[in-house]
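Asker: Chain residues, written in single-letter form:
4 protein chains.
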Amino acid sequence: MSNETRLRVRYAETDQMGIVYHSNYLIWMEVGRVELCRSLGVTYRDMEREGVLLTVAEVNCRFHGAARYDDEVIVNTRLGHVHPRMVTFEYEMRRVDDGLRLVSGHTKHVICGPDLKPARMPQKYRPMFGMNER
Amino acid sequence: MSNETRLRVRYAETDQMGIVYHSNYLIWMEVGRVELCRSLGVTYRDMEREGVLLTVAEVNCRFHGAARYDDEVIVNTRLGHVHPRMVTFEYEMRRVDDGLRLVSGHTKHVICGPDLKPARMPQKYRPMFGMNER
Amino acid sequence: MSNETRLRVRYAETDQMGIVYHSNYLIWMEVGRVELCRSLGVTYRDMEREGVLLTVAEVNCRFHGAARYDDEVIVNTRLGHVHPRMVTFEYEMRRVDDGLRLVSGHTKHVICGPDLKPARMPQKYRPMFGMNER
Amino acid sequence: MSNETRLRVRYAETDQMGIVYHSNYLIWMEVGRVELCRSLGVTYRDMEREGVLLTVAEVNCRFHGAARYDDEVIVNTRLGHVHPRMVTFEYEMRRVDDGLRLVSGHTKHVICGPDLKPARMPQKYRPMFGMNER
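Protein chains in written order, with our numbering: chain D, 1 to 134; chain W, 1 to 134; chain C, 1 to 134; chain S, 1 to 134.
Chain D extracted, bound-state conformation (with noise of 0.2 angstroms):
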């Protein structure tokens, strides 16, 4: 239960240290969980519109070295922890060219409900995260 995406550093995301900024880290770990999604079989996008939304709790992150304009970097997605009430993805992201890692860290999400109040997972799309079953 992992994915790898690519994507291209734009002019936009770095800053005047000539690396990226920090916080476009925490986008691409959405788009990485995004893809991990859709590779379970689950388009978060219509699961939004059902109702099930996943906010985020908590975001844990190391920075291990710099990513630069127009560097590719693949962005490991993996889940972890899984609980019908919460949901845990795990990353690691690395320079395509050389292997450099950037960045590892998680991030912990909450299911709710469109109120954004706490909810369960429906029993639909718990097998997709693996969660078990009671």
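Worth flagging that the hints you see were computed from the coordinates, not collected in a lab.
Be a bit skeptical, because a hint or two may be false.
On the chain C side, residues computed to face chain D include the following (Cβ under 10 angstroms) [what the hints assert, rightly or not]:
no., residue
1, 13
2, 45
3, 46
Chain D stretches covered by chain C per the calculated footprint, using a threshold of three residues with CB under 8 angstroms from any CB of chain C [what the hints assert, rightly or not]:
no., segment
4, 18-32
5, 37-46
We put the CB at the ideal spot given by N, CA and C, even for glycine.
Once you have looked at the hints, place chains W, C and S on chain D.
Answerer: Structure of chains W, C and S alone, referenced to chain D:
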């Protein structure tokens, strides 16, 4: 019918040229017009909650000088052409320190309902925007 | 001298209207022109390392339809007017699914040196941009 | 050694859930620590011009409540653990209106030279950061 707002350049808004990445000026235009609305007696948030949305139909922007990290910037916003179906805002931005002219431009907005379809500005808001009654 | 690039709308690019926040289209224009340059034989990153910068002098953008989260978007970029001191790019964006026209516009760029002062495009790059020799 | 800064949520910072997209809180942390530095007598911009960079090595962030468009937010920033090679900042954000706790977290920064390689904090800046002399 004009307003001056100040803001300070954030590190995240710079790019590897060492200057503000140009799309951020559009966000500052948004800050400027929201504050102009507030000074005219309209809280844009509340207007939107009542189902009146100003969607962006056109942006025109000329870049005269470059703002840099930590610069204080004055955003001067004025009402331009108004019509029950449309509002135009005009902007000029300067650096506080030396008055350097940064940007001039305008944005044109279509009044829409909550379904994002064109609508007419409700009567109660017309006077604030200086709209002719008929 | 045109190029088509595809991208997918990120959650971070949406706003509370449920559509793409308009300043993101400027970032997609950047993606489009970088890929157009690449297809013309110019890696913008390398050109910039050699001290040739294309600073943005003007942006004009009209919004025809709204892209939404997870939409695939085609960015069509063409070279417009060129001159040893200036380059214009023209853009049109459409949603892949139904061909909905999203945005049309252009950006005008001044060729600058590493000091951000106007300069003439070096001879070696002129043919790629279809610049007349004199 | 703490500082309170206020900011107002921009439309661009919201997402289609109708709340602030989470990566923006990292940008607000940056705003908070720059203002804390200023209150300690250090203009981060000038320090960086002298070749002292604080690169982000780690971010940890917990999301307790959601800020919404046009909310005023208080960013409370404190110095955490300091060392001649490293500085930690701690943050707590609340909504002004009702005191709703939004975010708590910390960022860890490595002191680097202009080449982005680890360095020791120059003597002149140590007292401001409360660094022990030896």
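Asker: Hints numbered earlier in the text: which of these fail when held up against the supplied structure?
Answerer: Per hint list: zero violations.
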